[in-house]
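Peer 1: Residue strings, one per chain:
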Amino acid sequence: VTGPLKLTLQLLALACVAGLLALLVWKLTHQQHAPRVGAVAPAFTLRRLDGPGDVSLASLRGKPVVLNFWASWCVPCKSEAPVLEREWTRYRDRGVVFVGVDFHDLSSDARHFVAAHRLTFTMLEDGSGQVTGSYGISQVPETYVLSRAGRVVAHLAGPITASGFSGEFRAALARVAT
Amino acid sequence: VILRLAAVLVAALALAGPASACAHPRTSLTYLEGQIMCPTCHTTLDQSDSAAARQIETHISQRIAQCWTAQRIESELVANYGKGILAAPPHSGFDLLAWWLPIAGVLGGAALLAVGVWRWSRRREPEPESAASGLDEETERRLDELLSRFE
Chain L
1 VTGPLKLTLQ LLALACVAGL LALLVWKLTH QQHAPRVGAV APAFTLRRLD
51 GPGDVSLASL RGKPVVLNFW ASWCVPCKSE APVLEREWTR YRDRGVVFVG
101 VDFHDLSSDA RHFVAAHRLT FTMLEDGSGQ VTGSYGISQV PETYVLSRAG
151 RVVAHLAGPI TASGFSGEFR AALARVAT
Chain C
1 VILRLAAVLV AALALAGPAS ACAHPRTSLT YLEGQIMCPT CHTTLDQSDS
51 AAARQIETHI SQRIAQCWTA QRIESELVAN YGKGILAAPP HSGFDLLAWW
101 LPIAGVLGGA ALLAVGVWRW SRRREPEPES AASGLDEETE RRLDELLSRF
151 E
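Protein sequences, first through last, are from chains L and C. My numbering applies: residue 1 is where the first sequence begins, and numbers increase by one. My numbering applies: residue 1 is where the second sequence begins, and numbers increase by one.
Among these hints, one or two may not hold up.
[Stated by the list, open to error] Under the rule of at most 35 Å between Cα atoms (straight-line distance), these lysine-lysine pairs were calculated in the DSBU-like manner: (1) Lys-27(L) with Lys-83(C); (2) Lys-78(L) with Lys-83(C); (3) Lys-6(L) with Lys-27(L); (4) Lys-63(L) with Lys-78(L).
[As the list claims (entries may be wrong)] From the derived model, a few chain C residues whose C-beta atoms are all more than 12 Å from chain L: (5) Thr-27; (6) Gln-35; (7) Gln-47; (8) Ala-88; (9) Pro-89; (10) Leu-107; (11) Leu-146; (12) Ser-148; (13) Arg-149.
[Said to hold, decoys possible] Restraint-style ranges between C-beta atoms, simulated for each label pair: (14) Gly-167(L) with Ala-51(C): 22 to 30 Å; (15) Leu-21(L) with Leu-112(C): 16 to 24 Å; (16) Ser-61(C) with Gln-139(L): 20 to 28 Å; (17) Gln-139(L) with Cys-22(C): 34 to 42 Å; (18) Gly-19(L) with Gly-34(C): 24 to 32 Å.
Simulated from the structure, these hints should not be mistaken for lab results. Even for Gly, the Cβ is constructed at its ideal location relative to N, Cα and C.
Hey, can you work out the whole structure from these sequences and the hints?
Peer 2: Put into structure tokens, the structure is as follows:
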């Protein structure tokens, strides 16, 4: 193989290698991690599960937010649901907003879950899991407690009913509600 | 007794309802299990035993019992979960690239290989003997003389 053809082949091979390297770098730099305590919570706008319209996190700025990620197929979410509802009714008069984000779920099943557990706080749906991914959620349930400034105060990677998390959840709630 | 009979009748109707709703199903769970991804484990449904996968399988079974086609079921799942729920990208629009690029890559690679092999085989064709020795007549004569002394 000589001349221009050889040069073309070499350039083609180099372009392929450069493309693969660029893909690797892009993948490594775009990996999603859970926002750390103190970091600003990732912005999102999601469709309401319990009615028409969307809700954005930006619209809740100035209020403490409890962001709970759940799914109807998730077994621990069932035991957690009544506790969340109870805390919501306790703290809503103090300006705390509870938001449930249902992910990787069938809307019909999710609505049935909400009705069965008589949950009254705002419910959003993230069927594709895009927003949930930006919060680094790998399993449900997970809960974030956000300050009025939209910063992460606590991240509970498990049910808030778990012995290790219930105290931390209540402490974080009390802190943001003051 | 009448109440019991009524209860049994209602239960029988409730159980028989979905099965009799579609006498000739238009697709099968086995087929769709290979076409739909489990959203939490990133494998097809037939490879997964997660709760999310089981939920989707139950839903698909219900739709099959309602005589839905595979395409309609897939469309409903895409509307709910996004395109990522499909094991293979759709055969339309930008997604066509995902089908054609690998084929183009394989064909291009095969063409390059063929050209390379052809050129390589041409370069290695045997050359004329006289040209291969590269010696003039005088040197060849002297070389023959030297060699004949060893015979």
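Peer 1: Does Lys-83(C) lie within 35 Å of Lys-78(L) when you go C-alpha to C-alpha?
Peer 2: holds, 28 Å
Peer 1: Beyond 12 Å from every Cβ of chain L: is that where the Cβ of Ala-88(C) lies?
Peer 2: holds, 17 Å
Peer 1: Holds or violated: is the Cβ of Gln-35(C) farther than 12 Å from all Cβ atoms of chain L?
Peer 2: The claim stands: Gln-35(C) keeps its Cβ more than 12 Å from every Cβ of chain L (closest is about 17 Å).
Peer 1: Look at the Cβ atoms of Ser-61(C) and Gln-139(L) and judge whether their distance stays inside 20 to 28 Å.
Peer 2: holds, 26 Å
Peer 1: Take the C-alpha atoms of Lys-27(L) and Lys-83(C), compute the straight-line distance between them, and say whether it is at most 35 Å.
Peer 2: holds, 20 Å
Peer 1: Taking the closest pair, is the beta carbon of Leu-146(C) still more than 12 Å from chain L?
Peer 2: holds, 39 Å
Peer 1: Checking the smallest CB distance to chain L, is Gln-47(C) really beyond 12 Å?
Peer 2: Per Cβ check, Gln-47(C) is outside 12 Å of chain L; nearest 16 Å; holds.
Peer 1: Holds or violated: is the Cβ of Ser-148(C) farther than 12 Å from all Cβ atoms of chain L?
Peer 2: holds, 43 Å
Peer 1: Tell me if the beta carbons of Leu-21(L) and Leu-112(C) are separated by a distance inside 16 to 24 Å.
Peer 2: holds, 21 Å
Peer 1: Straight-line Cα separation of Lys-63(L) and Lys-78(L) no greater than 35 Å?
Peer 2: Given that 35 Å is the threshold and the Cα spacing comes to 27 Å, the pair holds.
Peer 1: Can you let me know if the beta-carbon spacing of Gly-19(L) and Gly-34(C) is within 24 to 32 Å?
Peer 2: holds, 31 Å
Peer 1: If I take the minimum Cβ distance from Leu-107(C) to any residue of chain L, is it greater than 12 Å?
Peer 2: Its Cβ never comes within 12 Å of chain L, the nearest being 14 Å, so this holds.
The structure meets every hint from the earlier list without exception.
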